[in-house]
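Dock chain one against chain two, each of which comes alone in its own frame, and use the hints as you go.
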Amino acid sequence: MVALPTLPRRYHGASVWALYALGLIPAASGFYLGATGQLPGNAIKEFEHLLGIWALRFLIATLCITPIRDLFGINWIRYRRALGLLAFWYVVMHFSTYMILDKYLDFRTIIADIAKRPFITIGMAGFVMLIPLALTSNNWSIRKLGPRWNKLHKLVYVIAAAGALHFAMSVKVVGPEQMIYIALVTALLVWRLFRTRFNQWRRGPAGRPHLGRA
Amino acid sequence: MVAYHPPKIPPHEITPEHLFLNRRGFLAAAAGSMLLTPPAAALAAGLTASPSQFKVDEPLTPEKDVTNYNNFYEFGMGKGDPAAIGGDFKPQPWSIKVGGMVGKPKEFGLEDLLAMPLEERTYRMRCVEAWSMVIPWIGFPLASLLDKVEPLGSAKYVAFETVVRPEQMPGQSGYFQPLPWPYVEGLRLDEARHPLTILAVGLYGKTLPNQNGAPVRLVVPWKYGFKGIKSIVKITLTDKQPPTTWNLSAPNEYGFYANVNPAVDHPRWSQATENRIGEGGFFGGSRRDTLPFNGYGEEVASLYAGMDLAANF
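Chains W and Y, in that order, are what the protein sequence lines are.
Count along the first sequence from 1, add 465, and you get the number used in this note's numbering.
Count along the second sequence from 1, add 127, and you get the number used in this note's numbering.
If we strip away everything but chain Y, and leave its shape as in the complex, we get (with noise of 0.2 Å):
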């Protein structure tokens, strides 16, 4: 069971007055995306999203950190890259498809998406760098989008690939690429159609920066960040287990399901604690014991049932 904790921080508090008044102006853009590109100011635009019963009680990580401290290899290896040079980066108009073994395939636009019922949902981020953020995400069930699909009875697992753009994006040009493009993510359908499991088009009140994944990307909270596929413009079911990207990097090193276990280390470094990142540099954040599931093992713990977690990391 979830617990009910009332929103210690609605958006519209969180959110700058000008920001949150030019929402009028971004809905207008959003609409008009098709025909028109809307001024930049539109893109950081205020969102508003009901509250929902997903609150973390630990404090949130500030934006700044939120937004200025990536993992994003379409835009540079750096942490700091994404945020630098994701600008040019033009996430309107946007559509995903969804298709593979479904009945209705669909091609989402991105006014569809922000037209779904948007909820505010805080949740833990564990990276597989062993760091973590507490987020306000603002987004919407991946199983009400999977549900307008019709998804197969043979579906069983669902991937994901992020956008290929190698104008906008530098990391998908030039001599040295670190990754294969696109990225690509997968999920099994029961991890994909969890309650927990989220597309997100916000944070922090606003639509998604660049630099997090605009506009699109899965928030699956009790799995390491690199699930967390961002520039989503293709869902596809499938009855096979899909190829991931980091996995096809270094499969010693990350496995296909990559939930938060501090039982399993990763071959370089432990994952029993996590360095929370927070306010005021070295004396600020702090070094705590990363969770089974990342805290969420009530919720989902029950989808491993049987499983060896060690062999399955």
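Looking at chain W on its own, in the form it has when it is part of the complex (with noise of 0.2 Å):
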């Protein structure tokens, strides 16, 4: 296996802080889009969805954090917390967008939404979730919460799937890029499953070839 380029040590925290701000691009070039009106169309939608996809998007990357680590030995545990707070920061915009520029404020049709119909119901489950997942994504929290913050942010599988899940609900025809979101974030969980046996058998007994790198 080919094995990346180690960065060094020195760029950890300054490829962090990279990633924030890359992450934040398409929430920035899509706003802007839409406030000068080159987004055609339904500009608030499409904004929204946007907003929406990537969320999801993000969620998925600190799915993968893991099995990266299980499978290829690389080690990007120090990006999960960045990918995960983007992920939050996303969907609190996704819901904003929702709430103020498609549905001017108007908290009764917001609510109602909320109640009776299921896809934003699931939606709106899985943003509340992500809050404390969000607090507590901090060192002083991990300190503090000792091995609760693991069970804690174990809430990260059912929210992934109920992101998936409230973009395949929201589509009036399931089609390829629905699958693929639901694939990925089964194949992510079901992973969970599998991976401590998996992992039992790559260190198993001695000559057993080595993945990765160690």
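Derived by calculation from the structure, the hints in this document are not laboratory data.
Possibly wrong hints are sitting among the right ones.
[To be verified] Every beta carbon over 10 Å from chain W, so not counted as near; a handful from chain Y, in silico:
#	residue
1	Gly207
2	Pro220
3	Trp221
4	Lys231
5	Glu246
6	Leu273
7	Gly280
8	Ser397
[To be verified] Only pairs whose alpha carbons sit at most 20 Å apart, straight line, appear in this in silico SDA-like list of lysine to any residue:
#	chain 1	residue 1	chain 2	residue 2
9	W	Lys637	Y	Glu380
10	W	Lys616	W	Tyr563
11	W	Lys568	Y	Val255
No experiment lies behind these values; they were computed from the predicted model shown.
A virtual CB, placed ideally from N, CA and C, is assigned to each residue, including glycine.
Listed below in structure tokens is the structure:
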């Protein structure tokens, strides 16, 4: 296997900040295009959907960190918090766009939507579950919560499933795009069921070939 | 009664001059279309139509939005797909077979359709997805076409069918196809004969762009946009309620009637309000109340007297 060049440690901090900056580009460019009338047609919906899709992409990216380490021995855990927080902020922007630009803060309609329409209920539930995860995405919370932090952050599995489901249920016809997201989330969740056994097998008796860089 | 409003923007003011002047080229091309494939420029040629009494006192949706934000799954599921991929579609030569329960079945060539007395009609268009536009169509009443084939007394419904051309319509080929083809739609005969119901052959002073349903489509302004079947090749009069594509796909979400009705929600979203697509992105459009029958209640509500519109959505 070809090993990726290792990023020198002194750049680790900067690379995380670069990820935050890069991660916010789709939202910023979408907002600029929408505000200046360059998104064709229903600009508000286009922007709302762009934010939702990117939230789901960042959620999926956070779930990829562990399998990448298991399978390829590449440790990108330093980026996981940034990816998770980017997902959270995209969901916040997605929901704000729906509330403010789309529904003009018509709270009666918004509450009725959340209560009556399963795909919005599911999406909203995912958002609510993300809040405690975002609030505890800092070193102090990890120290304070100890092992409970790990338990709490397992909620991300439910959130990712809710996100993919919310997307698939929102469209008129479930097409290849939705199927790909559902398949990715499913594969990443299923990996969690097998990774302990896989890692045991990989570390197993001497003579077993070593995958990746230990 | 429909109030008379003088047309605000006649087609010749909207059509760029080079396209307008190209009209002769288009007419010549249309005449020769049975023999020759016309040059590409002729496909977006100017089209002249007389002003009609059907006007809306609301700003027109910019042409770029009307022609770049489309639901036309034959070209793909994205709103931008029809404009991006529709270029390979050949709307000429073309003909519509009109038959079924009629005295005189007939095949109408595109040249016959363009020779009908064309009117410019500005209608509101309300998509079932809760957005809307105001579009200056060019077309003629469907009733005038139906008159030519002399529907039998037993005919109660009109069924429509879109062309199937997988080689020119990428949404109709490949592993994943969102809907069964051909796209089919239907109207009750009295709806089809209503003076508001037109077959459109153009918009904004030009022939229909491919993404808007070239060369001929249905426009029924008091119904959700998906009733406006595009690129029609077949019209059949029948005594049974015809199947309709979206109703087959999700019967709980899309009914046969599909009249615009703010009181009956789509199961996944409210139909009480709509986002009027306008110039200037986020802040140019507006959310407004959706009107019963899309504001055409005075003209069409009587068609549904005594019907439960929540059950017959």
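Hints, one by one, checked against the model:
no.: 1; hint: Gly207; result: violated, 6 Å
no.: 2; hint: Pro220; result: holds, 31 Å
no.: 3; hint: Trp221; result: holds, 27 Å
no.: 4; hint: Lys231; result: holds, 39 Å
no.: 5; hint: Glu246; result: holds, 26 Å
no.: 6; hint: Leu273; result: holds, 31 Å
no.: 7; hint: Gly280; result: holds, 38 Å
no.: 8; hint: Ser397; result: violated, 6 Å
no.: 9; hint: W:Lys637 to Y:Glu380; result: holds, 9 Å
no.: 10; hint: W:Lys616 to W:Tyr563; result: violated, 31 Å
no.: 11; hint: W:Lys568 to Y:Val255; result: holds, 17 Å
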